[in-house]
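We have chain X; now place chain A onto it with these hints.
Protein chains: 2
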Amino acid sequence: MAVYTRIGAEDMAAIVAAFDVGTLLSAKGIAEGVSNSNWLLEAQREGEEPRRFILTMYEERTEVEDLPFFLDLLDYLSARKCPVPRTIHDREGASYRLHEGKALALIEFLPGVSVSEPTPGQAHSVGAALAKVHLATADFPQRRTNTMGLATWQRLLDACGTDGLTAIHPGLAATVARELDHITRHWPQGLPEGVVHADLFPDNVLMLGEEVTGLIDFYFAATDLLAYDIAVTHAAWCFSDDGTRFDARISRALLEGYESVRPLQAEERAALPLLARAAAVRFLSTRAYDWMNTPEDALVTPKDPLAFARRLEFYAASENQALFGEPA
Amino acid sequence: MAVYTRIGAEDMAAIVAAFDVGTLLSAKGIAEGVSNSNWLLEAQREGEEPRRFILTMYEERTEVEDLPFFLDLLDYLSARKCPVPRTIHDREGASYRLHEGKALALIEFLPGVSVSEPTPGQAHSVGAALAKVHLATADFPQRRTNTMGLATWQRLLDACGTDGLTAIHPGLAATVARELDHITRHWPQGLPEGVVHADLFPDNVLMLGEEVTGLIDFYFAATDLLAYDIAVTHAAWCFSDDGTRFDARISRALLEGYESVRPLQAEERAALPLLARAAAVRFLSTRAYDWMNTPEDALVTPKDPLAFARRLEFYAASENQALFGEPA
Chain X
1 MAVYTRIGAE
11 DMAAIVAAFD
21 VGTLLSAKGI
31 AEGVSNSNWL
41 LEAQREGEEP
51 RRFILTMYEE
61 RTEVEDLPFF
71 LDLLDYLSAR
81 KCPVPRTIHD
91 REGASYRLHE
101 GKALALIEFL
111 PGVSVSEPTP
121 GQAHSVGAAL
131 AKVHLATADF
141 PQRRTNTMGL
151 ATWQRLLDAC
161 GTDGLTAIHP
171 GLAATVAREL
181 DHITRHWPQG
191 LPEGVVHADL
201 FPDNVLMLGE
211 EVTGLIDFYF
221 AATDLLAYDI
231 AVTHAAWCFS
241 DDGTRFDARI
251 SRALLEGYES
261 VRPLQAEERA
271 ALPLLARAAA
281 VRFLSTRAYD
291 WMNTPEDALV
301 TPKDPLAFAR
311 RLEFYAASEN
321 QALFGEPA
Chain A
1 MAVYTRIGAE
11 DMAAIVAAFD
21 VGTLLSAKGI
31 AEGVSNSNWL
41 LEAQREGEEP
51 RRFILTMYEE
61 RTEVEDLPFF
71 LDLLDYLSAR
81 KCPVPRTIHD
91 REGASYRLHE
101 GKALALIEFL
111 PGVSVSEPTP
121 GQAHSVGAAL
131 AKVHLATADF
141 PQRRTNTMGL
151 ATWQRLLDAC
161 GTDGLTAIHP
171 GLAATVAREL
181 DHITRHWPQG
191 LPEGVVHADL
201 FPDNVLMLGE
211 EVTGLIDFYF
221 AATDLLAYDI
231 AVTHAAWCFS
241 DDGTRFDARI
251 SRALLEGYES
261 VRPLQAEERA
271 ALPLLARAAA
281 VRFLSTRAYD
291 WMNTPEDALV
301 TPKDPLAFAR
311 RLEFYAASEN
321 QALFGEPA
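Going down the list, the sequences are from chains X and A.
If you number the first sequence the way full-length UniProt numbering does, the last residue is 328 and the count never jumps.
If you number the second sequence the way full-length UniProt numbering does, the last residue is 328 and the count never jumps.
Okay, chain X solo, but in the shape it has when bound (with noise of 0.2 Å):
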């Protein structure tokens, strides 16, 4: 949560002028994305009425090779009625500009806000609105590796080493190995693929009561397997923040909201309690490695790291492989 980059209102106004949306008439630095710089931004031209936007300043973690994958893909669900945000392109045509060596992007802002609490109706529709991102990018014409798959979380788990992760939790290491071993010798081979969001965290999800407004920050989305993109889901909904509950509800109403558009087959069913465990390392993974990489005077807090190892024990816990149903 943080702005990482100041930009000045003049800067701001030539920014506005060559996405063509009018005069400026509000910027405001917004405490989102953990890694880029945001601006909540209005704007208006003459004889319109005004319009709002999100200006995103990609810092560190964003590639700009794969801008492209990212802003045609909003504009591709934008299209097809799915509820994320549209991109405005510049006056050339582009999805995104250069200032002073950074990309930056002009996305259409959304109303609605981000549950913390979410009830089994606002779960429901955040599985529908998923399974429709599936069906919608059936035939998106471009691919993305998941540079964030099972290769990177061996890698960044190793990078925190038996020390680092003992330190996190004692028994903590023996799980991961664990884990790892037993993912990556029990992947699921021939499920269906297509783009997933692979973040789709509620804060990554804006609501109007139990009406998702919009699915937003994609840069985590790829192509892989869509059952892979609903155990991400249901790890970041069907929990406490801390991972210490799980809401038998909220799962319910999760995956009943997903197949009430896109039926699961039999096999992705199946593969759900693995993929689950996936997810719940992929996590573990990445926040283990910031929670020892965070310099003290950072401005982002790095996100607890056992509040996915208790999700991973969860999951893994064999009373539990029955969660996701049988295959019918």
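This list has only true hints and no planted wrong ones.
No distinction is drawn between identical chains; accordingly, a pair holds when it is met within one copy or between any pair of copies.
Once the Cα atoms are required to be at most 25 Å apart in a straight line, the calculated DMTMM-like pairs of lysine to aspartate or glutamate come out as:
no.	residue 1	residue 2
1	303	100
2	303	11
3	303	59
4	303	10
5	102	117
6	102	241
7	303	242
Calculated directly from the structure, the hints in this document are not laboratory data.
For chain A alone, coordinates are given in the frame of chain X:
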């Protein structure tokens, strides 16, 4: 620039309901305010247009007992057509509420951006807006002692110590001692008093073109010499950020703008050279203190005290004593 406190969407909806502004449509933490947390909210009452607000949560530096002065002042000025945001009172008529032990106020959102490189036309407007505030508050019934006055500068600079000031710049300790002595001995008596903003930097002024759309952040406002407020605004607007370049055109425009609304008395004009040195010492004192006392992991980067040491040198130089014009 930070949001210090997290408020979940459910709590935010309850806060908005208590202020009776309808249903929450959007809430973004904004990177504004050095010592308070701020959110840009949108809410809508049934059958009305959506409206925007700034929600401020007062953190450490603001005393809750001062809030009625600050908030009533906004309503008083707003009713007298000064460009300041009015406050929204809650269902019980209170101008602020407590949430988990911290005070919260809901304030009207105003359009406009804070300029980085003001033009003379903009400086003229800011001078005029300041004079309008000074005239409008002539009958404001509340008083507040300026807790950021000469005694406080002395205390903060004492706390820095000779070694601390010398570490910031060789010779700074001697300059500070000389100036504090000079200012104390020559502090003007009998000048017009009223409500001063006392912190009218470009960051605290919203503009659209050359129009001032909002004066904001009145949390240093107090009862003091009106001419001192002019001196603060002069120090804030007429130099490059780092204090190395003085812009005589901005200076002239600012003063002319002010006098287009409220002509200076001869005694005020005569006191301005001294008050400008005082204004420079005021910001030097807080910046030097913060420079030495900000923890390395703080969310806020301390501002360079040298920028105001340079302004102080400029104002103290004999060739600049006629800067504010001769008594008519």
